[in-house]
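Here is how the chains run, residue by residue.
Protein chains: 2
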Amino acid sequence: MRRDRLLVASSLAFILAADVYFVLLPRLREWYRQPQRDGCACRGANGSESDRSSEPWGSNVSIGTLDSGSKLERLFAHPLYSIGLPEVGPEEILLQSEELMSYYRRKVLRWERLITLANISVHEQRVTFDPGASWFKFHLGINRYALYARNDPNIAQLIKDMQNTPVISADYTQDEKALKGLCDCSQVVKPSGHHLKLALKFQDFGKAMFKPMRQERNQETPEDFFYFVDFQRHNAEIAAFHLDRVLDFRRVPPVVGRFVNVTGEILQATRNDDLRSVFFTSPANNTCFFAKCLYVCKTEYAVCGQPDLLEGSMSAYLPGLSISPRISIPNPWTRSYTFTGRQEWEVNPSYCDTVKKMYPYNLGNRLLNIIDMAIFDFLMGNMDRHHYEIFTKFGDAGFLLHFDNARGFGRHSHDEMSILAPLTQCCMIKQSTLLRLRLLARPQYRLSDVMRESLTLDPLWPVLTEPHLLALDRRLGRVLRAVQRCVKRLGEQGVVVMDFVETLRGATPRQTKESR
Amino acid sequence: MRRDRLLVASSLAFILAADVYFVLLPRLREWYRQPQRDGCACRGANGSESDRSSEPWGSNVSIGTLDSGSKLERLFAHPLYSIGLPEVGPEEILLQSEELMSYYRRKVLRWERLITLANISVHEQRVTFDPGASWFKFHLGINRYALYARNDPNIAQLIKDMQNTPVISADYTQDEKALKGLCDCSQVVKPSGHHLKLALKFQDFGKAMFKPMRQERNQETPEDFFYFVDFQRHNAEIAAFHLDRVLDFRRVPPVVGRFVNVTGEILQATRNDDLRSVFFTSPANNTCFFAKCLYVCKTEYAVCGQPDLLEGSMSAYLPGLSISPRISIPNPWTRSYTFTGRQEWEVNPSYCDTVKKMYPYNLGNRLLNIIDMAIFDFLMGNMDRHHYEIFTKFGDAGFLLHFDNARGFGRHSHDEMSILAPLTQCCMIKQSTLLRLRLLARPQYRLSDVMRESLTLDPLWPVLTEPHLLALDRRLGRVLRAVQRCVKRLGEQGVVVMDFVETLRGATPRQTKESR
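Protein sequences appear in the order of chains A and B.
Here the first sequence is numbered in UniProt numbering, starting from 1 and rising by one per residue.
Here the second sequence is numbered in UniProt numbering, starting from 1 and rising by one per residue.
Just chain A, same shape as in the assembly (with noise of 0.2 Å):
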């Protein structure tokens, strides 16, 4: 009798364990993950914080150096990132270190004179000019091929300086100056001044543009926005950068996240009076400022700090325009910036054969690197290239500046494919962009794992959220397709083209050694 009762109480107990782990857990685990898997994600007061501890990354560098050392660090030390460049010569390089050096002791000059005749206070921070300052090695180190070199130390300096360097004056862009608050509302193509764009002088003379943090990164950009009307978005500006350094390119001036102190770095050290009326204190006691744009003075779309700390990008400026001037050419892909408007590229198919015999895309490297642009643009989304910008030194020669990238990460979901029209329509493309690109879609290297664990450098990472992230390994596929069915249709020799081929005055790659 009492071995039954035994045998009932362990059969019952049993019954109910096995209950427990097969029917209730699975039921609690699908229960917990359903928020997951409709994509909702937590967001704090501070989306970052609470981002990083929801990431599957979040408590280690990055996946990429989990599972077998890091994956940026043998992605750089592939052979593909080391294939060396001609000889430069001087006339390829942007600036001579006299040239520049007078050209800054001049601008310190006229800075101190300033200062004395604004009779600013003894406790302001003096400019300390130095020519072996980060910025300054940066614009030493531009040539015809890049902004920089691969493994310039000196770059991971001028990230840390713009970082950490204090801001003693600001002031509104000449962009924004150009506009003098009165927006081009015309016509559509300009949005309505809402840039809150500031340049921002460092003590030791270097300048960055600042763009704010306008929209929380797991927003999505509503799909009923023209591109034009877009957000600008901080930390597109700081991931253009990486990707941009991870393709090989190095035509994105250097990029990096900071928390400024709108206070004491904007408004205290700002001297136009402009830039100071458009400062208000919010109700919730924020130190705010709007755009300054006379017709737009709202303060609904001004940016606020917390109170005071305001998340933004920092880009390094290049050399001013006086000492290396740029010209703006129109993209041959640009859209129409209206609401119907359609260009010639959107309707025409073999458009691509009237652009190759414009000048100057009949010569040269200037459509292979308009498709790069085209690659680099569709891996991020951003629909806004109207203009590109060459230094007028370089000539047709130069590289093509990847500026402004501030409306790329916008919608992790859709994968605009006209980005991608200067390809698939000109089946045309550098055989060291392809290498690489082929490289990154290998599962040692992976696109999206080596972004993650560039991001990782930044302050303000995770920069990017996942699927912002796994969004490039698609858009990859993508790209790599889109080659693969112009090179079925045209065969290889007609669609992969040896770089430097006809600018190179018949050197090859690797016959040289990399530039500084």
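The hints are simulated quantities; they were obtained by calculation from the structure and are not laboratory data.
All residues carry an ideal CB built from backbone N, CA and C; glycine is no exception.
Some clues are possibly wrong.
Claimed, not checked - Residues on chain B that point at chain A, a partial pick, calculated with CB under 7 Å:
no., residue
1, Glu220
2, Asp224
3, Ser282
4, Cys304
5, Gly320
6, Tyr337
7, Phe339
Let chain A serve as the given structure and place chain B on it in line with the hints.
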């Protein structure tokens, strides 16, 4: 031996079950609850849809009706909601039938001439003006005490008609036209023309003001926003009408939600070229339109249909100003509408003593009406009451119109005590108002429950999210405590004022029948 084994097995199973129940399960439950504790809510593409299913009252009509019949019906059946009005003389009725009839006959004739001149196709729906139309009866029912009588069945009809009657014409409202698209941006007072409100004319010649949805119901107004730049919320307009009715003020013109076809009922229905010109098709193929304001002509502030249907509020128009003029009077407790300015009432606690001596606040119940309005605004968190309107015909004896409530219900988590200043500084309240507020604080009636129930009548239910409804109860408690503090200081006699005392020429409540 076998018995021992059984004993061991059953003990193990028991320990296991206990472990699962008391250790594993609570931990899993905790994990599962964590995101909710952190205030993380899932938002689908359609915010309101997911709200519906996540609300505890989502599956049934309302909590109010669940436990013990309709709380709303019980409230309206309470003796406090059947206090009679004095006999209403002809001079106390806003409009006489003949006068209004001939006014609208002339308007209809003018409309028909216009249609003939404009050579509108025969497909166009013709106006059918009927003196039995609900909007016409609404206009005739306005008297000096309220916009409509308590149990007027015509109001339900008007609400139904505003929901269903075809729209035959759309245009900017008169005040939008007065701006001429220029937007008064020289001062911070006026928002930069982001109003997208439109005047829609119905087939029965009735008219409503349409305010489209600009903000998801579960979005809280950022705490850095000033009251004067906050969005206009269509759901606040709807909820304000219901709240005003529940409080028995009846000073808000009827409002109802409606899905408007922006193509068929606005774009194709308007004869205003300016309005037509602001329509466009978004990249997602939705029909959108943006604010007319010349300098904010940007699509980032556009509203879009899905692909044509757009949710919004329809507020019944009052009779035209030419037949029943109104005056707009600055609220003595207006705010400064600047970033830093302070009004006298904000710094002077005895400000009310000054107001009490000023005409017209030294006569009749105008000050008590201001206090009613302050309570109404406090309950919904509306800080934007710079002016109030009265019908000229009733002079100082008229009630105050509670117009333009679209800036209420912005933040449920905050009670803006300064809105209550008229009550807390004057320490006066109408007896009828106080009694009704006390009634609504009782669990049998509970403000949130009757509001929830009342809002189920609207096609855009749930008009307010649960936190906004619960905030009403919390704020009602604060109003009653504020009155209690006054009573403690000045005694019931000094604070609670019998209604109609000075304006009724001897009549007291309950002596007279309610007017129709």
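Hint check:
The beta carbon of Glu220 (chain B) is not positioned within 7 Å of any beta carbon in chain A (closest approach about 12 Å), and the interface hint is therefore violated. Among the interface hints, the one on Asp224 (chain B) holds; its C-beta lies about 4 Å from the nearest C-beta in chain A, closer than the 7 Å criterion. Given the 7 Å rule on beta carbons, the hint for Ser282 (chain B) holds: about 4 Å separates it from the nearest Cβ of chain A. Because the smallest distance between the Cβ of Cys304 (chain B) and any Cβ of chain A comes to about 4 Å, under 7 Å, the interface hint for this residue holds.
The beta carbon of Gly320 (chain B) is not positioned within 7 Å of any beta carbon in chain A (closest approach about 32 Å), and the interface hint is therefore violated. With a cut of 7 Å, the hint placing Tyr337 (chain B) at the interface with chain A is violated, because the nearest CB-to-CB distance is about 11 Å. Among the interface hints, the one on Phe339 (chain B) holds; its C-beta lies about 4 Å from the nearest C-beta in chain A, closer than the 7 Å criterion.
Consistency note: the structure conflicts with the earlier hints numbered 1, 5, 6.
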